[in-house]
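So you can see what is in the structure, the chains are spelled out below.
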Amino acid sequence: MLSMKNINKVFKTDLVETHALRDFNLDVEEGEFVAVTGPSGSGKTTFLNIAGLLEGFTHGDFFLDGVNISNLSDNKSAAIRNEKIGFIFQGFNLIPDLNLAENVEVPLRYRGFNAKERKIRVERALEQVGLAARMKHLPTQLSGGQQQRVAIARALAGEPRFLLADEPTGNLDSLMARQVMELLEDINKAGTTIIMVTHDAELARRAQRNIQIVDGQVCDFTMYQGEQGSVAQGQSVADVAAAEVVTVASSVA
Amino acid sequence: MFFYYLDLAWRSIKKTPFLSLLMVLAISIGIGITITTLNIYKMASVNPAGERSSSLFAVQLMSQDPDTWENLSKQITYQDAFNLLDSEVPVRQAAMFRTGLAVQTDDVNFSPILEGVRVTGGDFFGLFKVPFLYGGPWSKQVDKEGGYKVVINEDINNKAFGGGNNVGKTLLLNRKPYQVVGITKTWHPSPKYYDVNNGAFNDSEQIYVPFSLAPIEEFESWGNNNSWRHEDIRTYQDRLNSEMHWVHYWAELTNPAMQQEYKEWLVRYVEQQKALGRFKRPDAKGEVSDVATWLAYNKVVPEDNKVLVGLSVLFLIVCLVNMLGLLLAKFLKRAPEVGVRRAIGASRLQIFSQHLVEVGLIGFCGGALGLLWAWGALSLLSSRFDLEGSLSQLDSSMWFIAPIIAVSAAIIAGIYPAWRICSTNPSIYLKSQ
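From first to last, the protein sequence lines are chains A and B. Straight run, no breaks: the first sequence in numbering that gives the first Met the number 0 ends on number 252. Straight run, no breaks: the second sequence in numbering that gives the first Met the number 0 ends on number 432.
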């Protein structure tokens with residue numbers, strides 16, 4: 000579904016060139032739940048921005064659903080983001096002046112749905128996250144966990160093919176983080192592909208596959224199989240706490 | 000999406016009321032001043048003759064001696080006016096000047112009033128399409144032989160007779176009885192193009208008497224009397240025979256052939272006068288000017304007005320530059336929200352449009368407020384500085400022009416801030432919001 004081949008992202012200033020991603024390779028299959036970990040400054044967010052078509056890249060090939068999205072126009076990128084990609088952010092990023100229904104409605108507006116269709120989708124998405132009764136509330140009237148659920152509803156309303164979550168539990172306490180994670184797992188089970196950046200190793204282990212990024216490269220992956228947490232571990236750079244190593248594969252460039 | 004953007008714009012304005020008010024004020028002051036000067040300019044430069052503009056002609060004669068005036072005078076002498084009336088070329092023609100007469104009626108309770116009066120021919124009403132309520136102009140015979148006939152407008156009719164059809168009744172002018180033959184509707188062409196010498200933007204006269212009565216009643220001239228040489232004028236007859244320029248002359252020439260024929264008639268008239276010892280200049284001539292040319296020749300719209308409009312537009316630009324700065328501050332503060340909108344599917348064009356709708360709404364509010372400023376400014380100018388009649392009235396077209404200018408100007412000022420906000424990289428703000 001998502002395929003990155005030798006992606007490089009270089010930030011240039013007059014004096015310095017910074018390689019945020021270096022020969023980055025990754026394939027994500029439809030329906031996968033991938034957790035992306037790595038130290039600060041390793042390139043996780045840059046990867047997520049490129050995957051979400053929010054940033055371009057210096058060179059390489061990026062295929063989404065088999066379509067090379069290099070050099071897409073802004074309009075086309077926006078349309079793909081709107082139709083195929085849902086975003087969930089650490090800071091929720093709800094628009095404070097809009098109530099919950101209006102927040103969830105925003106991507107549907109840009110998609111061009113009529114009022115009736117928007118209403119149906121908004122209600123369905125908010126029901127899915129258990130907040131249908133609070134449609135008219137403003138984000139400031141909700142707890143952090145509830146706000147994140149609204150953000151998830153907004154991401155789901157357009158029925159995207161995959162969700163990009165940037166530390167979705169980073170601002171939540173452990174109980175709320177668990178609830179949000181369970182919600183993401185349910186969404187994934189329903190068929191939506193999820194790529195989640197997280198610092199929380201505990202949460203990362205609940206994904207089907209872990210990708211670790213160090214210095215702009217995928218340097219390790221670990222595949223967890225089944226609910227008991229059987230593990231397939233790649234080339235180990237980081238200390239991945241896993242009990243049983245089944246097989247070894249490497250995607251290091 | 001337009002109504003969605005409008006809703007977002009209204010929310011944004013409510014969210015930052017002080018900043019929004021500052022922007023509305025900035026543009027409203029600029030619009031207020033621009034509309035004030037534009038209104039004065041427009042009212043001054045309007046051609047009140049409309050489609051008749053090209054068939055009505057002011058007649059001028061260069062009758063002065065050499066080494067005197069170099070330009071064509073705006074008026075002609077009485078004797079030339081009298082002679083020009085002999086021409087059979089124009090469809091209609093009228094000589095005219097302004098005088099003042101005391102108005103009385105048979106009613107002893109009616110207090111006499113001194114009114115400006117137009118002394119002219121019966122063709123005047125057809126020439127300038129003066130609308131009648133009752134009756135009509137006096138006859139050709141009155142124009143030739145003189146007769147105590149009068150045409151009044153409805154205001155005088157109301158004052159003197161209490162309104163209604165009073166054709167046939169008698170009105171006393173300077174204690175002489177005049178028979179009312181026609182009552183016109185209120186008619187105030189602006190500018191008063193048939194006589195721009197006596198306040199181009201003042202109201203028209205309300206009473207009209209025959210030009211043929213001038214030698215009999217010896218009406219004074221309440222207008223400009225210009226002489227190019229010294230003449231010993233002791234009697235009214237001296238005045239009529241003098242070379243003093245004090246009469247306006249208009250002719251209706253409905254097609255180019257007629258205009259050419261009349262010009263040729265004027266050439267012959269000039270030659271005839273030369274033979275009689277007048278019109279001594281080698282370049283003596285007669286000339287006709289249609290209404291538009293006449294208004295330009297008389298500089299009815301002073302150059303100062305154009306300069307004022309230019310200055311007010313410059314002031315509007317200064318206001319817009321202020322607004323641009325405020326918009327930039329307001330929009331860039333919203334970058335995180337824009338980042339979210341971009342991330343969830345808004346294109347740059349959609350963000351750009353959203354922000355332009357907002358500046359358009361601010362511009363519209365500024366335009367509405369600017370109209371109020373303009374109305375206030377014109378009222379103030381009218382009351383404090385004696386701004387002439389119609390110039391102090393806000394033209395109805397300004398109700399459309401002001402919002403259009405305001406919205407367009409605001410959008411121009413908003414293009415850069417809107418472009419900046421839609422061009423920012425959304426990913427920068429998504430993490431930091």
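I should point out that these hints are in silico values taken from the structure, not numbers from a laboratory. Treat the numbers as computed from the prediction; the structure is a model and nothing was measured. Each hint should be verified, as a subset may be incorrect.
Unchecked claim - When the alpha-carbon atoms are kept at most 16 Å apart in a straight line, the in silico EDC-like pairs for lysine to aspartate or glutamate are as follows:
hint	chain 1	residue 1	chain 2	residue 2
1	B	Lys158	B	Asp105
2	B	Lys13	A	Asp64
3	B	Lys184	B	Asp202
4	B	Lys332	A	Asp96
5	B	Lys41	B	Asp289
6	B	Lys41	B	Asp394
7	A	Lys83	A	Asp96
8	B	Lys262	B	Glu302
9	B	Lys14	A	Asp64
Consistency of the hints with the structure:
| no. | hint | result |
| --- | --- | --- |
| 1 | Lys158/B x Asp105/B | 13 Å, holds |
| 2 | Lys13/B x Asp64/A | 43 Å, violated |
| 3 | Lys184/B x Asp202/B | 13 Å, holds |
| 4 | Lys332/B x Asp96/A | 14 Å, holds |
| 5 | Lys41/B x Asp289/B | 19 Å, violated |
| 6 | Lys41/B x Asp394/B | 8 Å, holds |
| 7 | Lys83/A x Asp96/A | 26 Å, violated |
| 8 | Lys262/B x Glu302/B | 31 Å, violated |
| 9 | Lys14/B x Asp64/A | 41 Å, violated |
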